[in-house]
Amino acid sequence: MSAPAGAALACSLATLLVLAGCSGTERRASEGGAERGAEEFTRIAQVLKSPRCLNCHPMGNTPRQGDERRLHDFGVTRGPDDHGAPGLTCDSCHQDVNQQESGVPGARRWHLAPLRMGWEGLTDGELCRALLDPYKNGGRSVDDVVHHITEDSLVNWAWQPGDGRTPPPVARAEFNELVRAWANKGAACPPASG
Amino acid sequence: MTEFVLNVNGTPRVAEATPDTPLLWVLREQLGLKGTKFGCGVAACGACTVNIDGVAVRSCSFPVSAAGNRAITTVEGLSPDRSHVLQRAWIAEQVPQCGYCQSGMLMSANALLRAIASPSDAEIEAAITNICRCGTYTRVRKAIHRAAQLMKESQ
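Keeping their order, the protein sequence lines are chains R and W. Mapping the first sequence onto our numbering, position 14 (from 1) lands on 14, and the numbers just tick up by one. Mapping the second sequence onto our numbering, position 24 (from 1) lands on 24, and the numbers just tick up by one.
Don't read these hints as lab results, they were simulated from the structure. Honestly, I wouldn't trust all of these hints.
Where chain R lies over chain W, by a calculated footprint (3+ residues, C-beta under 8 Å) [claimed, not checked]:
1. 1-15
2. 61-68
3. 115-124
4. 127-135
Reference excerpt, derived from the structure (chain W facing chain R, CB under 8 Å, subset only) [unchecked claim]:
5. 20
6. 42
7. 58
8. 111
9. 112
Glycine is no exception: its CB is placed at the ideal position from the N, C-alpha and C atoms.
The task is simple: from the sequences and hints, build the whole structure.
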């Protein structure tokens, strides 16, 4: 697809999203707003591409861990329902909160994002489109996406990851403001190649 | 300190601990259930594995306050007379060498057989990630297959 055609598709998608999912959130698709939304997404992407998010949004069937994003210790696998292998589920080790004594991180509903929500290796534009694609986002509307990444308890954990794990590079409050502003301006995406 | 009434091996047991105390230490030091072992302390080796509501849980990384009334099963709870299929299979296959990791192995295997009655080699490898410095892994696998067969025959 040529760059102009891709841009046109992105604009069309953004317009559709505004029309289809504007309940509950005021969105202003004003002239230039979409571009500004896309600019904001590049900042949002810095968070989504941090190890705290990517480690559990892998492209394969093995989670990663640590700031260095090494493969999860002892060959842990995704399992049939994204909660680990039968007999060794995520909650075998990960509890509702970080464990001080063992150092094992924890939050409610600890699990991998489904395989179709894999984000590793995506450009900012690809990541944005994946986030908005109902097939890849669990059938979420833009409002649902905004709610998930600004409110979800497992996402919240990223900013309270415990000792030895670096939080995302944008503060939680600022990130939430960026996400809402991006959505209000039409949830525009950067070019797929960027 | 907080008082907890824990459901351990089918019996209510009272313990006092700070809420974030790992279940491992309550089981061993307050309830005298020494079958559950301390290995790495970081949920990596599996020596401390118990079952909670049938699921394998590494008790060094499980706060006692999270137990509530959930059913905790330790290796002592499999059977008092070596009659559990896993105990019979473990003896038949002569699995242990030094034995230190074996209670965790048994409880991981118990959770696996609860989830999959007749697991494949791949399913065993995915679920049994416990570490054994004696290298009993192949005998563990054989014993799990034998236990699955014993379960099937007893039905």
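We went through each hint and held it up to the structure:
1. 1-15: Result for this restraint: violated, n = 0.
2. 61-68: Contact hint for the segment 61-68 of chain W vs chain R: holds, 4 residues under 8 Å.
3. 115-124: holds (count 4)
4. 127-135: Contact hint for the segment 127-135 of chain W vs chain R: holds, 4 residues under 8 Å.
5. 20: holds, 6 Å
6. 42: holds, 5 Å
7. 58: holds, 5 Å
8. 111: holds, 5 Å
9. 112: holds, 3 Å
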